[in-house]
Amino acid sequence: DAGVTQSPTHLIKTRGQQVTLRCSPKSGHDTVSWYQQALGQGPQFIFQYYEEEERQRGNFPDRFSGHQFPNYSSELNVNALLLGDSALYLCASGIKDGYNEQFFGPGTRLTVL
Amino acid sequence: AQSVSQHNHHVILSEAASLELGCNYSYGGTVNLFWYVQYPGQHLQLLLKYFSGDPLVKGIKGFEAEFIKSKFSFNLRKPSVQWSDTAEYFCAVNPNSGTYKYIFGTGTRLKVLA
Numbered sequence: 001d002a003g004v005t006q007s008p009t010h011l012i013k014t015r016g017q018q019v020t021l022r023c024s025p026k027s028g029h030d031t032v033s034w035y036q037q038a039l040g041q042g043p044q045f046i047f048q049y050y051e052e053e054e055r056q057r058g059n060f061p062d063r064f065s066g067h068q069f070p071n072y073s074s075e076l077n078v079n080a081l082l083l084g085d086s087a088l089y090l091c092a093s094g095i096k097d098g099y100n101e102q103f104f105g106p107g108t109r110l111t112v113l
Numbered sequence: 001a002q003s004v005s006q007h008n009h010h011v012i013l014s015e016a017a018s019l020e021l022g023c024n025y026s027y028g029g030t031v032n033l034f035w036y037v038q039y040p041g042q043h044l045q046l047l048l049k050y051f052s053g054d055p056l057v058k059g060i061k062g063f064e065a066e067f068i069k070s071k072f073s074f075n076l077r078k079p080s081v082q083w084s085d086t087a088e089y090f091c092a093v094n095p096n097s098g099t100y101k102y103i104f105g106t107g108t109r110l111k112v113l114a
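These protein sequence lines map, in sequence, to chains A and B.
The numbering used here puts the first residue of the first sequence at 1, with every later residue one more than the last.
The numbering used here puts the first residue of the second sequence at 1, with every later residue one more than the last.
Be aware that one or more of the hints could be misleading.
Said to hold, decoys possible - Derived pair list, reagent style EDC-like, types lysine to aspartate or glutamate, alpha-carbon separation capped at 20 Å:
hint: 1; chain 1: B; residue 1: K49; chain 2: A; residue 2: E101
hint: 2; chain 1: B; residue 1: K58; chain 2: A; residue 2: E54
hint: 3; chain 1: A; residue 1: K26; chain 2: A; residue 2: E54
I should point out that these hints are in silico values taken from the structure, not numbers from a laboratory.
Since we're looking at a predicted model, the values are computed, not measured.
Construct all of the structure, not just a fragment, from the sequences and the given hints.
Laid out in structure tokens, this is it:
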């Protein structure tokens, strides 16, 4: 049983560019959340998707957007990249009904030059 | 604002020493509590969780944590650490109000000397 998978593993972009990160949830899971983990910090909640809609959002600007597909996989898009967007982006999946337990993927390391 | 504090940023211990990592949170309602571990080069893995019931919870690899509601704390403990416990440890809080938002602490880097 595959866990949460993310692609790509690493990514290098320049300021002003746009990036798309992808996540496939653990089998049987239907919710996906995205987190940003800056160096030396704990993960920070970006947003959560369920039934193809954004259900909750953290304190991130509109440059951060997402999408969830009918197969529950998800994308995170970041526009107009800033140097400060350099971080590890984590995807977490879970089941809507239950105790809000989430499983994390390995992350995508984004470097903005 | 909701927050999680992990007071120990770096901890160095010798093998067989006892471990206690502090975690305090600020949220007045019911919470779900978690400890995650991130081994070098690996992804976040769940160590243990507390949802309700017995405030002393046991997790994998001999770890345990105690929820003290009056102190808003959820400290992680292990009686005897091993070299393989070298990792970064994150405490996370989920306000139990139908949200999937986890609030993480800044993490504690543990180094165990062989």
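Hint consistency between B/K49 and A/E101 [alpha-carbon to alpha-carbon, up to 20 Å]: Holds, at roughly 9 Å.
Pair hint outcome, A/K26 versus A/E54 [Cα-Cα no greater than 20 Å]: Roughly 19 Å separates the two Cα atoms, so the pair holds.
Restraint status (C-alpha distance of B/K58 to A/E54 at most 20 Å): violated, 34 Å
In terms of the numbered hints stated before, the structure departs from hint 2 and from no other.
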